[in-house]
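Visitor: These are the residues of each chain, in order.
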Amino acid sequence: MFAYIVRRVLATIPVMAIVALFVFSLLYIAPGDPAAVIAGDQATPQDVERIRESLGLDRPFLVRFGEWLFRILQGDMGVSIFTNLPVTTMIQQRIEPTLSLMVLTLCLAVSIAVPMGVVAAWKQGTWIDRAVMGFAVLGFSVPVFVVGYVLAYVFALELDWLPVQGYTAFSNGFFPWLENLILPAIALGGVYIALIARITRATMLEVLQQDYIRTARAKGAGQRSILFLHALKNAAVPIVTVIGIGVALLIGGAVVTESVFAIPGLGRLTVDAILRRDYPVIQGVILLFSFVYVLVNLAIDLLYTLFDPRIRY
Amino acid sequence: MDRRNLLKAAAAAGALGATAGMPAPALSQGTAARTLRFVPQANLANFDPIWGTQYVVRNASAMVWDTLYGVDEKLEPQPQMVEGDTVSSDGLTWTIKLRDGLRFHDGEKVLAKDVVASITRWMPRDPMGQMLKAIQNELVAADDRTVRWVLKSPYPKLRFALAKVGTPCCFIMPERIARTDSFTQISEYVGSGPMRFVRNEWVPGAKAVFQKFDGYVPRSDAGTWLAGAKRMMVDRVEWLIMPDAATASAALQNGEIDWWENPITDLVPTLKRNRNIAVDIADPLGNIGSFRMNHLHPPFNNVGVRRAVLMAMSQEDYMRALVGDDTDLWKALPGYFTPGTPLYSEEGGEILKGPRNIDAAKKLLAESGYKGEPVICVVAQDQSITKAFGDVTADLLKRLGMNVDFIATDWGTVGQRRAMKNPPGQGGWSMFHTWHAGADCVNPASYNAIRATGENAWFGWPSAPAVDAAISEWFAAPDLASEKAAIGKVNRLALENVVYAPTGFFLGYQAWRRNVTGIQKGPLPFFWGVAKA
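These protein sequence lines are chains V and E, in that order. Taken in order, the first sequence gives residues 122 to 434; the numbers are from my numbering. Taken in order, the second sequence gives residues -11 to 521; the numbers are from my numbering.
Rather than coming from a laboratory, the hints here were simulated on the basis of the structure. Since this is a predicted model, take the numbers as computed values, not measurements. Every residue gets a Cβ at the ideal spot worked out from N, C-alpha and C, and that includes glycine. Do not rely on the hints blindly, as some may be mistaken.
As the list claims (entries may be wrong) - Straight-line Cα separation of at most 25 angstroms, SDA-like style, residue types lysine to any residue; simulated pairs: (1) E/K260 - V/V271; (2) E/K195 - V/F295; (3) E/K195 - V/F410; (4) E/K520 - V/L278; (5) E/K375 - V/F266; (6) E/K195 - V/L220; (7) E/K195 - V/I216; (8) E/K195 - V/Y274; (9) E/K195 - V/E170; (10) E/K195 - V/E300; (11) E/K195 - V/G373; (12) E/K260 - V/F276; (13) E/K375 - V/T165; (14) E/K121 - V/S175; (15) E/K195 - V/V377; (16) E/K375 - V/V267; (17) E/K409 - V/E300; (18) E/K409 - V/L396; (19) E/K195 - V/G294; (20) E/K409 - V/R171; (21) E/K260 - V/E279; (22) E/K409 - V/E174; (23) E/K409 - V/G294.
What the hints assert, rightly or not - Listing some non-contacts, in silico: residues in chain V with all C-beta distances to chain E over 12 angstroms: (24) V136; (25) F143; (26) Q214; (27) L227; (28) S232; (29) L259; (30) A323; (31) G341; (32) A357; (33) L416; (34) A420; (35) L423.
What the hints assert, rightly or not - Stretch-level coverage of chain V by chain E, calculated; a stretch enters the list once three of its residues show a Cβ under 8 angstroms from a Cβ in chain E: (36) 146 to 156; (37) 168 to 177; (38) 205 to 213; (39) 276 to 282; (40) 285 to 294.
Looking at chain E on its own, in the form it has when it is part of the complex:
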């Protein structure tokens, strides 16, 4: 090939390349307005809300699978897939009737047998479900639309159990899928909710797509949160995973995304200055910070040591380390239950109130017999919340004169290590930090962290039978006054025993473009009712 031919060939190739390189037809404005681009709090790495109970999985699942009941913003359970229910006079037999016209995404009708299988799969994974399973006599499909649930003893909070937002939610799946063992992941995603999961567009770690399901029949009554009409105002919801907060912030400002679930506090002032962006509190139920001590081994097997730490700790220090000087985002929490909810209590919370007294705490520590045993403080550095808490705790313990062994690691390692019951010097641990969604802490129903059943309790294995007896009183409480009394007792006893150390109550923001309307404040992003101009 001579030079002239080479040039001709290059020109031809260039022309071909340019044609091939023409941009694909852009989406029309109408189509763009029907697609909501959302940046979730985390990657949707799996899609089985019973097998994997991470909040991000629950949030996506709430679009795809419906529930029998759903809580509203007052945390009251309301019928959702259910038309109505009746309870026998002895409180033992529940008869639940499904709404007419319910369909799965494969077009099949939702039948009572699907509900039975879904409840059966959910029960072993949920604290309330386990209680129900323990008192269950019979759970059967009486006919295509009727479920009969016979219990050995009354369970007044059954509707709440099936309606709650805490993970795992009791989502309704087709029987063939719901028959999968609770500890094995499903591989077929046939939903019962207002959106279909578009599996072939799912790129874990990057993107998840949901398409409006035309066969979904919303309730006629208005509602909030998981209750009422789940009417989709967009045809398509795209979840775009952005691990970097600065990128998500820039994308929101540039109009490349419409809604960001959890902007970090540092970037909020920039977003607030942008007139195209609205910023507001995401979830009024917020979160409760926590550090858990290992009740099995010294030094924290000694309640005196635990109380000395509680006496010394300043929740303000923890909260400011986490959210900075934005006082709208936190409040002190002399207890374990979510502020602003009906059962909130400060009973027994004096130890966390008022100016902190390090000297008195040191004295209590000495009196309790602390002998300088090492405190293995395992801190996940890849989570901004635990990192901030860990730094404050390490400083606190050192000021108390404790022998701190600070282990900086990642969340994956904390997850493994906290399950180990070995003594701290043999691969175990003394304390780790975490946080609990306020929605899980409105009462003891989904609140594993407050249970104190010893070896069967949550990590840290606190043992305080009196706390659990008070929790049982709450479950049996017939009215709100009795519930409040029981919760007050739980709060006091849990603080006396220091089931765990609450580091404060904190909120987070969400941000969206102003052409998006209908966004609710709540424990998860609710996509129904959200429209885009």
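Here chain V stands alone, though its shape is the one from the complex:
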């Protein structure tokens, strides 16, 4: 197992190298000019050119890529073209809100979606099943920003229970932290809940047909024990896989959610950087996201061994 983990961690290096080359090349060929954005609308073409030179944006692709790669290998993601702040500092400023939002959404989604899927499978064909599946269709269909606006309108503007926007750091207290994040997490979690609930239901339906479930029933095992101990554990592998895949969904959804609720997270940092063509920041954030995604996949692979003892690496 240990050797497997080491092999997988080492395998991230070429993956990250390919991501780095891909991102750098894509940004190089993409249209847009940070110098023009910096210079402002009233700047002359000569001003824009001078700024481009001062930023080194007029140098050849290979020179720029080589320098960037050299710095990355030393753990230096560079400095933002616009803010003059190190990219690592900007990421540090933004990582907590995004991480908080994703973890809360994940917890919320799993704790709601898995029981929903289990119950829907257990009550297959009943109104409960149809209600759960109806909710899943709704969760898939309504965009995150619509859910966000509706929640903010009802719970912040009309009822005045929660704030409309912003983020309070966890260090300032759990409840203030939760107050700011609960609406965004529900908005972001909608799609995720729908996805996990559907997969849980489908997998559970399959498992509930298995012989060992019939045997458990014959032995007089209780319904709860059958559902959550015998069936769910055996249905867990595809569910965990979908939860892992869903992390990518969350990263994408966080961009919109952070904008709607004005949360200063990595999603907004990415969008701002893309719109301004702040290359070092875009490259840094995408590398980070890629790395996180690779690690999540590794964690999911390792979790398989917990749920299915037949899986060995």
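Chain E: place on chain V using the hints.
Guide: Structure of chain E alone, referenced to chain V:
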């Protein structure tokens, strides 16, 4: 661990978590009243007002750095850091004396050498500064409080150059910082104005914080805009960046913010219905919409084609596409200068007045020799103003029978592409849309877009020596009457040559909670004098 122990551990962890989760002490009411929460027009992505000349940077910088002179609401330059000045009888030597007691935020005195370095850094980035640099003989610190500026020829508008609100403003920084090249960003933010920039609380894209500087000595005379006493009535100003207008609107209604710089027109009726919120015009100088044509390449290198477009265009269409049916927010503009200001002129503006005549425009287009060359219309879709203008222009050109290639893109790409002088078919462009702050268009001083110096002009590179000669007449004008005559001429000649196509004059709103007082109307949000109950 058995079940009982597990439960005990969970309970203990829960209690610990609950303690850790106790809310942090809330700000007292007094503290909250001393903090002004403001949503600016855009993200404060950098903080060097000379290197980056975006308006949002200028607006934040006006709190942190002071200027030698400042314009008031009549656009008259008034002494600010300056105690007084004298001009030699030949108009060539300016002696500027600083006020006593001026200090930077690091506690150091503001000295004449800091002023010299700041002016020197500002000059290459500013049109008036470039003119001054070209005629400068000597700029030196005569003593700690006196700057001597010797010119080769008189420059009557020197005070205005140092006082204007148009970007870049001539902000005064410590010499060691101002020695940074104009095209390189500074990394130390030591100001001379009434507020300090709290760098360690700056989260670009989310928040910027400014704290009252107790060492600032305001002028004793009352003033408006950038002139007079800059007295801070709050201790702390927080800029909260909200990219989503609906969120900012909800936050203002919920009392989570105090002042919103630029609510979008669609949301204004909702805000006006809320009795806790005041809504008013933000800047009476407003904005002038524009589409610029590329004068280097066909078809717009032909003045006949440009005039045909001008003849056909309806400014009402542009303005209604932008602000809807709120007629308080726009007016037709048969010229290039800001309405309601002393130099406003409609001379030569007949081509933009009266009912639009598409048939006559088509005839002029045919006579001008237009052969169906493609018009590459590059339109930024991520800016509501340019998107609205672009849609109207595309329709207009099609109705004129022009061959339109509409390229929908983002502002970042427009910014890059408009700098390219290649023919439109080879990566270049034929037209793009933008807008100019009315404060920049009150006269030609900061108005790059009106210059027609060919290859050295602003994007589009219009070449009309007569326009520039008229602008020079304005710079040399000794009195208001002569200035008005020169501006009338500039307006007429610029329209004859179609330096660019003005799409109309439009205003925007600002909104604030009613417990906030002292908000001025102006080209930027002025934070001095603003109090919160």
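Visitor: What are the numbers of the hints the structure violates, in ascending order?
Guide: 9, 17, 23 and 26
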